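Novice: Chains as they are written, first to last, in our numbering: chain F, 1 to 119; chain G, 1 to 548.
No lab work stands behind these hints: they were computed from the structure.
It should be emphasised that the depicted structure is a prediction, and the values quoted were computed from it without experimental measurement.
Each residue gets a CB set at the ideal place from its N, CA and C atoms; glycine is no exception.
Fair warning: there could be bad hints in the mix.
[Unchecked claim] Pulled from the structure, derived: some chain F residues nowhere near chain G, Cβ distances all over 12 Å:
{"#": "1", "residue": "18"}
{"#": "2", "residue": "23"}
{"#": "3", "residue": "29"}
{"#": "4", "residue": "75"}
{"#": "5", "residue": "78"}
{"#": "6", "residue": "82"}
{"#": "7", "residue": "84"}
{"#": "8", "residue": "87"}
[As the list claims (entries may be wrong)] Derived DSSO-like pairs (lysine-lysine); straight-line CA-CA distance at most 27 Å:
{"#": "9", "chain 1": "G", "residue 1": "12", "chain 2": "G", "residue 2": "337"}
{"#": "10", "chain 1": "F", "residue 1": "67", "chain 2": "F", "residue 2": "51"}
{"#": "11", "chain 1": "F", "residue 1": "67", "chain 2": "G", "residue 2": "179"}
{"#": "12", "chain 1": "F", "residue 1": "63", "chain 2": "F", "residue 2": "51"}
{"#": "13", "chain 1": "F", "residue 1": "63", "chain 2": "G", "residue 2": "179"}
{"#": "14", "chain 1": "G", "residue 1": "495", "chain 2": "G", "residue 2": "13"}
[Said to hold, decoys possible] Chain G regions said to be covered by chain F (calculated; three or more residues, Cβ under 8 Å):
{"#": "15", "stretch": "58–67"}
{"#": "16", "stretch": "238–245"}
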Amino acid sequence: MAQGHHHIIPLRTLSIVFAILLVLTVVTVITARIDLGALNVPLALSIAGFKAILVAMIFMALKYDNKVNLLAVVLGVVFVVVFLALTFADTEFRGNLGITEPAITEPVSEPSDKEPPSH
Amino acid sequence: MSDESHNYLNAKKGIWSWLSTTDHKRIGILYAIACGAFFLLGGILATFVRTELGTPGETILGQDEYNQVFTLHGVVMVFLVIIPAIPGILGNFALPIQIGANDVAFPRLNLASWYLFMAGAIMAVCGWLFVGKVDTGWTFYTPYSSGASNAVLWLTSAVFVAGFASIFTGLNFIVTVHKMRAPGMTWNRLPLFTWAIYATGIVQVLATPVIGITMILLFLEKLMHIGIFDPALGGDPVLFQHFFWFYSHPAVYIMILPAMGIISDLMGTFSRQQVSGYTFIALSSVAIAFLGFLVWGHHMFVAGQSALSSIIFSMLTFLIGIPTGIKVFNWVATMYKGSVWLRTPMLYALMFLFLFTIGGLTGIMVGVLAVDVHLHDTYFVVAHFHYVMMGGALIGLIGGLHYWWPKMTGRMYNETAGVIAAILVFIGFNLTFFTQFFLGSKGMPRRYHDYSELLDTFPEFAALNMASTIGSYILGVGLLLILVYALYSLFRGPKATANPWGACTLEWTHTGPVPDEHNFHETPQVTRGPYDFHLADDVFGPKNNSQS
Chain F
1 MAQGHHHIIP LRTLSIVFAI LLVLTVVTVI TARIDLGALN VPLALSIAGF
51 KAILVAMIFM ALKYDNKVNL LAVVLGVVFV VVFLALTFAD TEFRGNLGIT
101 EPAITEPVSE PSDKEPPSH
Chain G
1 MSDESHNYLN AKKGIWSWLS TTDHKRIGIL YAIACGAFFL LGGILATFVR
51 TELGTPGETI LGQDEYNQVF TLHGVVMVFL VIIPAIPGIL GNFALPIQIG
101 ANDVAFPRLN LASWYLFMAG AIMAVCGWLF VGKVDTGWTF YTPYSSGASN
151 AVLWLTSAVF VAGFASIFTG LNFIVTVHKM RAPGMTWNRL PLFTWAIYAT
201 GIVQVLATPV IGITMILLFL EKLMHIGIFD PALGGDPVLF QHFFWFYSHP
251 AVYIMILPAM GIISDLMGTF SRQQVSGYTF IALSSVAIAF LGFLVWGHHM
301 FVAGQSALSS IIFSMLTFLI GIPTGIKVFN WVATMYKGSV WLRTPMLYAL
351 MFLFLFTIGG LTGIMVGVLA VDVHLHDTYF VVAHFHYVMM GGALIGLIGG
401 LHYWWPKMTG RMYNETAGVI AAILVFIGFN LTFFTQFFLG SKGMPRRYHD
451 YSELLDTFPE FAALNMASTI GSYILGVGLL LILVYALYSL FRGPKATANP
501 WGACTLEWTH TGPVPDEHNF HETPQVTRGP YDFHLADDVF GPKNNSQS
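Produce the entire structure from the sequences given, and follow the hints as far as they go.
Specialist: As structure tokens, then:
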């Protein structure tokens with residue numbers, strides 16, 4: 001049984017992971033202040049997901065545990081990703097029917113704001 | 001030879017011995033009583049709905065009562081009957097014995113699951129009686145549910161609590177199959193019912209937490225006014241449908257996969273033949289379990305979902321037809337050149353084959369984007385999902401109950417009554433729901449309590465609705481007949497032998513007429529597959545059978 005031999009994780013490893021988590025938190029805050037358009041949410045989720053993997057693998061010692069437990073966690077993560085990916089395929093493209101916009105979108109009678117071309 | 005007088009039913013006496021039992025077989029019986037009562041309630045509500053629609057105009061229900069009755073019918077049937085019934089009753093009773101175990105891996109957790117299920121059920125019914133009537137439909141769509149009365153919170157809490165019962169049950173079965181198989185019970189010797197319950201367990205564990213999350217989000221929105229689903233608060237109502245169907249579509253497979261497992265066992269046993277394509281049927285259960293997670297958006301084609309999403313979901317929906325088709329073709333192939341024995345359980349297996357195939361194929365029809373635009377929210381969809389949920393899941397359950405009834409009770413039921421009831425159920429079911437395909441394809445909307453105004457354009461709606469209602473009464477009579485001869489069998493039925501069907505799986509070959517409290521006197525040594533009928537005389541011939 002996996003519980004039979006508890007793996008002792010070196011303090012140095014724990015410290016490094018802790019530092020990485022702190023850095024990633026700072027990165028999350030910084031990127032939240034920058035508008036990346038459609039990438040805003042995927043980036044935030046990627047950082048959060050990576051942090052969660054570090055916590056699960058190192059702090060929760062999943063890396064050293066029975067691989068069946070790893071499989072169970074990975075399956076859970078896969079379905080979260082599936083849920084988010086397909087939901088974003090809706091929310092990010094809603095109203096977009098894949099039809100090219102008509103060439104004329106403004107009333108013809110209205111004067112154009114653009115400068116007349118110089119000859 | 002086992003001591004016939006000592007079995008799991010009489011090992012301990014008194015109500016408390018049942019309410020505190022950790023014996024998987026007794027817990028299965030507890031689920032049977034509870035689910036049976038809720039099935040009766042759901043059936044009565046369905047009869048009200050059909051009676052209201054039998055003739056045009058308002059008859060027995062006003063429009064508000066109609067909405068409330070079909071909502072409760074849906075909630076009771078889905079969450080308190082179809083989802084828990086097969087894993088709870090037959091999974092609990094048969095799975096551990098089928099793999100040669102003396103119980104499930106976590107017997108106390110198993111009992112806790114039943115209590116959680118009952119707590120959820122009592123919350124639902126008490127909420128209905130004392131808090132208020134919910135009329136949102138069983139899907140609780142926002143913004144309607146977030147704006148409705150607090151009664152909806154009671155009902156969603158009930159679903160939340162009952163969901164944990166489902167998670168615990170699934171977890172228990174997964175661990176049991178992994179850890180408690182008897183020596184020689186390899187994965188390719190597992191009965192297909194066990195395979196199906198195992199695949200169902202995966203879906204229960206992975207999908208059910210999402211309905212819990214959804215209900216919590218609904219709570220947060222309603223109580224704390226955090227904008228999640230309600231547009232008035234800045235939320236997105238279609239997001240609720242994503243959350244809801246990410247659980248509820250896999251839940252359809254929680255309902256149907258165990259029934260498919262039952263049918264596989266029935267086909268093998270009553271065709272006296274190795275189940276054709278055993279490995280393909282087993283793995284197709286797992287494939288359905290996983291693919292079932294990828295198709296939820298097909299419920300939202302006309303809900304404002306993006307065109308890109310709809311196209312992806314439509315394509316993924318077609319994929320589900322592949323593993324399902326593998327099963328159906330293999331069941332048919334199992335009967336080919338077999339020695340088909342038309343006893344009542346086999347009649348239900350054949351009924352399943354017929355009805356579920358109609359349900360599945362019409363599912364592919366509404367999975368086509370352009371077709372769904374016309375059929376969405378019509379009676380066509382009502383007919384489709386009743387062919388899957390009742391024609392598939394519940395008919396499978398009834399077939400399974402007939403099959404394992406002698407082992408559960410030690411008594412046989414009246415075969416003639418069984419055949420008559422099966423015929424009534426078949427005729428009643430098809431009369432009720434096949435007519436609804438016509439109604440739906442002509443545009444009759446679901447969830448309307450009155451269709452008088454449509455009769456000018458579609459005068460045939462009156463006759464079709466009347467036929468559907470008469471069908472529901474015939475179906476009701478058939479189901480009540482089952483209840484009557486089952487109760488008669490319990491007290492007056494002839495005693496069953498250990499293996500009345502001549503089946504090959506361990507619950508029939510290695511236990512007495514009614515299993516012992518600990519299932520086996522000795523741990524079985526498994527040396528053959530679950531449908532190895534060429535050893536028939538050695539394993540369960542007359543000599544062996546008379547022992548019991």
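Novice: Each hint needs a verdict: does it hold in this structure or not?
Specialist: How the hints compare with the structure:
no., hint, result
1, 18, "holds, 29 Å"
2, 23, "holds, 30 Å"
3, 29, "holds, 22 Å"
4, 75, "violated, 7 Å"
5, 78, "violated, 9 Å"
6, 82, "violated, 6 Å"
7, 84, "violated, 10 Å"
8, 87, "violated, 5 Å"
9, G/12 x G/337, "violated, 46 Å"
10, F/67 x F/51, "holds, 20 Å"
11, F/67 x G/179, "holds, 15 Å"
12, F/63 x F/51, "holds, 14 Å"
13, F/63 x G/179, "holds, 22 Å"
14, G/495 x G/13, "holds, 21 Å"
15, 58–67, "violated (count 0)"
16, 238–245, "holds (count 3)"
This entry does not satisfy hints 4, 5, 6, 7, 8, 9 and 15, going by the numbered hints stated previously.
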